[in-house]
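Chains X and D, in that order, are what the protein sequence lines are. When you line the first sequence up against our numbering, it's residues 48 to 168, in that order. When you line the second sequence up against our numbering, it's residues -13 to 156, in that order.
The set of hints was computed from the structure by calculation and includes no laboratory data. Even for Gly, the Cβ is constructed at its ideal location relative to N, Cα and C. Just to be clear, a hint being listed does not mean it is correct.
Said to hold, decoys possible - Quick list of in silico lysine to aspartate or glutamate cross-link-like pairs, DMTMM-like style, CA-CA up to 20 Å: (1) Lys35/D <-> Asp142/X; (2) Lys41/D <-> Asp149/X; (3) Lys112/D <-> Asp142/X; (4) Lys97/X <-> Glu87/X; (5) Lys124/D <-> Glu129/X.
As the list claims (entries may be wrong) - Label-pair restraints from in silico Cβ distances: (6) Leu65/D <-> Leu134/X: 22 to 30 Å; (7) Glu32/D <-> Lys98/X: 45 to 53 Å; (8) Ser49/D <-> Lys158/X: 22 to 30 Å; (9) Arg1/D <-> Ala112/X: 36 to 44 Å.
What the hints assert, rightly or not - Stretch by stretch, here's where chain D covers chain X in the computed footprint (C-beta under 8 Å, at least three residues): (10) 64 to 75; (11) 131 to 144; (12) 148 to 158.
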Amino acid sequence: MVQYHDAHLNASFAALSDVTRRGILTQLGRADASITDLAEKFHMTLTGMKKHVGVLEQAGLVATAKVGRVRTCTLGPRRLEEETAWLEGHRQRWDERFTALDAVLEELKQKEKVDGRKKRR
Amino acid sequence: MDARNEGDSTPGSHRTAVDRSDRELVVTRTVNAPARLVFDAWSQSELFKRWWIPKSCGLTLVSCELDVRVGGSYRLMILPPGAPEPMAFFGRYLEVIPNARISWTNEEGDEPGPVTTVTFEEKDGKTQVVVRDLYPSKEALDAAIASGSTSGMGESLDQLEAFLGELGAA
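Okay, chain D solo, but in the shape it has when bound (with noise of 0.2 Å):
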């Protein structure tokens, strides 16, 4: 069996990608399973909590609730690394395709989050991923993006804290 990828795929598609465009971060990869089961592996909650949370961030996914239907809502509560709490993240379904297509919000910011949309493209068996997280504006994303820079290392955390104590006392 040729196991190269069909014409219109390129080189390395099943690889990760990222693209960034004014509002939105678009990440795209093909999986080596037909569309139903990449679609049962993003909808139940047992299969979804075995991949999510990736190893390396130190992260624990401590509950996760899925109702993966239009309305229906999510929440996840995850323990960064020496954290005291675990951080909910939540939202809802805003659109649920079985098999080709789920949307939903993401509302644990202070401000309105992005909402992500994940497709499934089944061909030849092989499943193309594409997941577009969708931000209010250019400048919410500039944001994000800025204060994901911002945290989570340890370099920047003590100029946040700095920023921080600054802003308190403005």
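For reference, chain X alone in the conformation it holds in the complex (with noise of 0.2 Å):
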């Protein structure tokens, strides 16, 4: 049974964490690729970039389709609209940080105005 944290911790990583899925969406961001193609190039087997392939379709990062008898994969619909989103959401994050960074900020000023005013008195 996984837990939550772990989940989390480990896992959200998982996606992304081995070396040949990792290699094979920079190779389709350079251009698109047969299965047989990325077999060749990564030297493995079908059946095992098969493998690799449809975990990757799984999340959305890469897509496929059967033309004839060759299946061409691309970059997944998700990756690009997703790091725009993933982009704005830290920013916004960030943003809400500095908001509550600005009030803890205004109130160090002012009590460095009144300090400075009680050291002149």
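Dock the two chains into a complex; use the hints.
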């Protein structure tokens, strides 16, 4: 049974924890490729490559389409959209942080002013 | 008094901006306070814990220990919503220049995490804060973004679970 924090810490990286799968994504970032192409490039059996592509496809990172007898792999539709969405989410999280930081800084400034006045007295 | 920004500030520079290059995430924001106060807010636990956790995430900061000096370490215990136990975020400070720069490692992940560097540059009583997360490789940053995108949200959690099952079976 996978516990929540394990899932979060370890498995959140699982999708891309495999060096071959990361390589496949990099490769597909350059150009679409058939499973056969990929298997050759990564010195793997067709079955092994199908497994990796299947894992990536399940995660929405890769899309495949069969034309005739050839299955062609492309980067999944989620990848770029997700990156853009993630960056905006990241920006919003920081924006929230900075808004809270602004309040803390305002308080520190006020405190300095008061302390400064006390000193001058 | 004129509240407009100085010449080299772009319009809206008070807002938070995010940029990504191959290996780096950069967040920029100008705050209305001198650098020494901003440095205090980043280096004193009592101040830091008041602003670090974005409220909308529903996260609870259980504890926060910062030993901000070169070689010193930090440890944050953060409880995600609905999680049974808090998660630990920890690392070491690599560089500390009072009122100017703090750099630290992020060591909670299985793989080498990014090195975060924050710089404070004061001008006319305001401070430009730049936070840089430098990842070991482009692939590592891609992976962090992809995992961030597929954890956290309900719909993707199901997907992650299915994914885990498959990995376990493989």
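Outcome of the hint check:
Proximity of Lys35/D to Asp142/X is assessed by CA-CA distance (about 16 Å); at most 20 Å being required, the pair is judged to hold. With a C-alpha separation of about 14 Å, the suggested pair Lys41/D and Asp149/X falls inside the 20 Å cut-off, and the hint holds. A C-alpha spacing of about 17 Å is found between Lys112/D and Asp142/X, which places the hinted pair at or below 20 Å, so the restraint holds. With a C-alpha separation of about 12 Å, the suggested pair Lys97/X and Glu87/X falls inside the 20 Å cut-off, and the hint holds.
Restraint check: the Cα-Cα separation between Lys124/D and Glu129/X comes to about 16 Å, which is no more than 20 Å; the hinted pair holds. A hinted range of 22 to 30 Å holds for the C-beta pair Leu65/D and Leu134/X, which are about 26 Å apart. Against the hinted window of 45 to 53 Å, the Cβ-Cβ separation of Glu32/D and Lys98/X comes to about 51 Å, which satisfies the hint. For Ser49/D paired with Lys158/X, a C-beta distance near 25 Å keeps the hint of 22 to 30 Å intact.
The beta-carbon spacing between Arg1/D and Ala112/X, approximately 41 Å, falls within the hinted interval of 36 to 44 Å. Here's how the segment 64 to 75 of chain X fares: 4 of its residues keep a CB closer than 8 Å to some CB of chain D, so the rule of at least three is met and the hint holds. Counting residues of the segment 131 to 144 of chain X whose beta carbon lies closer than 8 Å to any beta carbon of chain D gives 13, which meets the minimum of three for the stated coverage. With 8 residues having a Cβ less than 8 Å from any Cβ of chain D, the segment 148 to 158 of chain X passes the three-residue criterion, so the hint holds.
Hint compliance for this structure: every hint is met.
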